[in-house]
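Residue numbers -36 to -1, 1 to 518, in mature numbering (1 follows the signal peptide of the UniProt record, and there is no 0), belong to the letters of the sequence shown in order.
Any given hint could be a false lead.
[Stated by the list, open to error] Simulated DEER-style distance windows between Cβ atoms: (1) GLY475 <-> ASN110: 47 to 57 Å; (2) ALA459 <-> THR203: 13 to 23 Å; (3) ASN145 <-> THR338: 57 to 67 Å; (4) LYS15 <-> ASN164: 26 to 36 Å; (5) ALA294 <-> TYR328: 13 to 23 Å; (6) ASP19 <-> ALA459: 20 to 30 Å; (7) HIS269 <-> LYS50: 49 to 59 Å; (8) THR338 <-> GLU291: 17 to 27 Å; (9) SER24 <-> LYS501: 21 to 31 Å; (10) SER24 <-> ASP395: 24 to 34 Å; (11) HIS77 <-> ASN145: 20 to 30 Å; (12) PRO129 <-> GLN503: 23 to 33 Å.
[Claimed, not checked] BS3-like cross-link-like pairs, simulated, lysine-lysine; straight-line CA separation at most 30 Å: (13) LYS208 <-> LYS444; (14) LYS444 <-> LYS50; (15) LYS385 <-> LYS403; (16) LYS211 <-> LYS467; (17) LYS467 <-> LYS50; (18) LYS337 <-> LYS326; (19) LYS15 <-> LYS444.
Calculated directly from the structure, the hints in this document are not laboratory data. Just so you know, these numbers come straight off a predicted model, no measurement behind them. Yeah, the Cβ is synthetic: ideal placement off N, Cα and C, and Gly gets one too.
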Amino acid sequence: MIHYHFSRPAMVSLLCVMLAFSSLGSFIIPDNPANAATGVSEVSVLNDPFKLYADATDISDWAVDAIGEAAELNILQGSNGAFRPKSAITRAEFTTIITSVVGLAVSTDNAIHFRDVSRQDWFYPYVNAASKAGIVAGYGDEFRPNHKLTREQLAVMLSRAMGLPTNVQVPEFDDVSTISNWAADNVKTVVALGLMSGWNSRFHPDAEVTREMAAVVAMRVYHFQKDDSGKAHQPDFKTAVVEKQIKATAAFLRKSVTNPTIGSIGGDWTVLGLARSYVGAPDVYYDKYYTNVESILKEKSGKLHAVKYTEYDRVILGLTAIGRSVEDVAGYNLLNWLADYDTLIKQGINGPIFALIALDSKAYDIPVVPAVKTQTTRQLLISFILERAIIGGGWALSETPSQPDPDITAMVIQSLTPYYKTNTDVQAAVDRALVWLSKAQATNGGYANGVTVSSESTAQVVVALSGLGINPHTDARFVKNGRSVIDALLSFAAADGGFYHVKAGGVDNGGAKPGEVDLMATDQSMYALVAYNRLIKGQPRLYDMIDVETVGRN
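Modelling step: build the complete structure from the supplied sequences, incorporating the hints.
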C-alpha cells in the first residue's frame, strides 16, 4: 500500500484544480485559487447552503455544514443554482474526488487496461492514477465508471487512499453480515475513525452514495490529519461548529449572569462551564463568584442546606474549576458535610451521584468527622448507586422506578466513570446502561424524559459519553437517522447563544416554555459541549480537574 501525506496548503492547492465537467456540474475551478491555497480568512466561515441552492431544503441536516464548507473552500458546489443532494454519485466521479483530496499526482502514463476507460474520457487521469496506487480495482477488464458507487465501495476507497490501519475495533452493525468480505475491515476502519457512520444501527453497505454523502466524506477526509508519530486520527467533523457555539454561549452566559453566586441556575454551573471551556472568563468574574460564595457561607454559618448536600457538591465543583481551595472557604471545609453519609443519602440517588462527582473532581480525601453516625466512603456511595440499578440497564430518580430515565442514567455514568476500568460491577452496570441509552435515543438524535425531547436530557448524555471516551457524534450506537447526540444538542441553540429547554412547537413538560431561551438549559448545554470539545482535544474530561492548579485568593 502506498501512503500519501501532503501539507495542508498543498492539499488545498490540489483540491482547487478539480475539473469543471458538465457531467459533474459541481467541481469548479475557484475564482481565486491563491486564497484557497494560503488559507485566508474567507475559508474559515461556513457558507449557508440555504442561500446558495434552491433545493437546499432537500439537504439532510447532517450534511448542511459539510456542503457549506465545501462550497466556501471551492471544493464542491452545485450547478444552475441547485446541489441535487439526493442524486447518486458514480464510481468515476468519486474516484476523481478522492484522488484529488489525497493529493495523488496524475499523469498520462498508461497503467490500466480497462476496456471501458479510454484516454478521451474526462476521468481517465484520475482512474489511471488511482488504479496504479491500488486505490480502486475493476471487475475483470471493466472499471464500470458510470455505475453508482455503493457505501461499502466508498469505505474501501477511503481506507486504501489514506493508508489507514485495519486492525481497529468498532461496535458491530446489525447488518454486518451483509457487508462483503473484501470490504468488512475497511468499513470498520472508516467508521472507527469517524469518516463514515451508519443509521438505525445499520451500515447499509449496498446503498448508493449520494452527492450529500460524498460532500460529507470529502470534507472529513480534508480535515483528516496525522500527528507527529504518523498515527492516524480523525478530528471530529463538528469541532469548528461546536467551538463556535461554545464561544457564542460563553458570551451569552457572561452577559446574562453578571454576578455569579451559589445556585443551581446562574451560578456554580455557569462558572464550571466557562472555566472548563477554551473561552473562559476574566479573573474578575471568578473573583466575584468566590467573594459571593464566602459571603453566603459566612451569612449561613457554613450550612447551605440541611438535607440537599448537592448544594455543597456544586460549590465544590465551581471552586475546583477556578483553582480555589474547597477546604478553607471563609473558614469552612466544604468536604466535611459530605462525610455524613446518613444525611447525604436523604436526597435520594442524587446525593451519592454528585458527592462522587465532587469528591473525584480532584481526588479529594473524605474527611473523618467523629460526630457523624455513618462515615461516608466511596464504596458506600458506589454500592448505593449500584443497588438502585434497574434490571435491563439504567437508573431513575425514584427509589422504585418502573423504567430508567436518560438524565439520571447519564448522571450516574458520570459519577461512576472513574471506576469503570477498575470495578467489574461498575463496568457491567455502565455497559448495560449504555445499551439502554442507545435504544432510548430519539429518531432525531436527542433524548426525552417522558415524551418531550429536551436539551438538558440530551446534554447529560453528551457529558456521560464524552467522559467515557465515547464520541457522541460518531459512535454508531448513538447516531439515529444520520443524526448524532451532538447534532441534536446543537439544534436547541438560539441565535443569541442561549439554548431552548424545548424547541418551538415541542411539547410543554412543565419546564421553560417551548421556544424560550432558558438559563438552566443553557448552562447544561454549555458544559456538555465543553465536555465533548475536551474529548476531541484529548484533554481531561469535564469533571477530572486534577490538573487544575489550586491557588490562594488574589
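Hints and how they fare:
The hinted window of 47 to 57 Å between GLY475 and ASN110 holds, with their beta carbons roughly 54 Å apart. A hinted range of 13 to 23 Å for the beta carbons of ALA459 and THR203 is consistent with their spacing of about 21 Å. Taking 57 to 67 Å as the suggested C-beta distance range, the pair ASN145 and THR338 conforms, at roughly 59 Å. About 32 Å separates the C-beta atoms of LYS15 and ASN164, a value consistent with the hinted range of 26 to 36 Å.
About 18 Å separates the C-beta atoms of ALA294 and TYR328, a value consistent with the hinted range of 13 to 23 Å. For ASP19 and ALA459, the hinted distance range of 20 to 30 Å is satisfied, since their beta carbons lie about 25 Å from each other. At roughly 56 Å, the beta-carbon separation of HIS269 and LYS50 lies within the given 49 to 59 Å, and the hint holds. Judged by the Cβ atoms, the range 17 to 27 Å given for THR338 and GLU291 holds: they are separated by roughly 22 Å.
The hinted range of 21 to 31 Å is satisfied by SER24 and LYS501, whose Cβ atoms lie roughly 27 Å apart. Checking the proposed 24 to 34 Å range against SER24 and ASP395 shows it holds: the Cβ atoms sit about 31 Å from each other. Take HIS77 and ASN145: their Cβ atoms lie about 26 Å apart, and the range 20 to 30 Å holds. For the hinted restraint 23 to 33 Å between PRO129 and GLN503, the CB-CB distance of approximately 24 Å keeps it satisfied.
For the proposed pair LYS208 and LYS444, the alpha carbon gap of about 24 Å is at most 30 Å, so the pair holds. At most 30 Å may separate the alpha-carbon atoms for a hinted pair to count; LYS444 and LYS50 meet this at roughly 18 Å. Restraint check: the Cα-Cα separation between LYS385 and LYS403 comes to about 23 Å, which is no more than 30 Å; the hinted pair holds. Between LYS211 and LYS467 the CA atoms are separated by roughly 21 Å; this keeps the pair inside 30 Å, and the hint holds.
A threshold of 30 Å between alpha carbons decides the hint, and for LYS467 with LYS50 the separation of about 27 Å falls inside it, so the pair holds. Between the alpha carbons of LYS337 and LYS326 the distance comes to roughly 26 Å, so the proposed pair stays at or under 30 Å and holds. A distance of roughly 27 Å separates the Cα atoms of LYS15 and LYS444; the hinted pair therefore holds under the 30 Å criterion.
The structure is consistent with each of the numbered hints, conforming to all of them.
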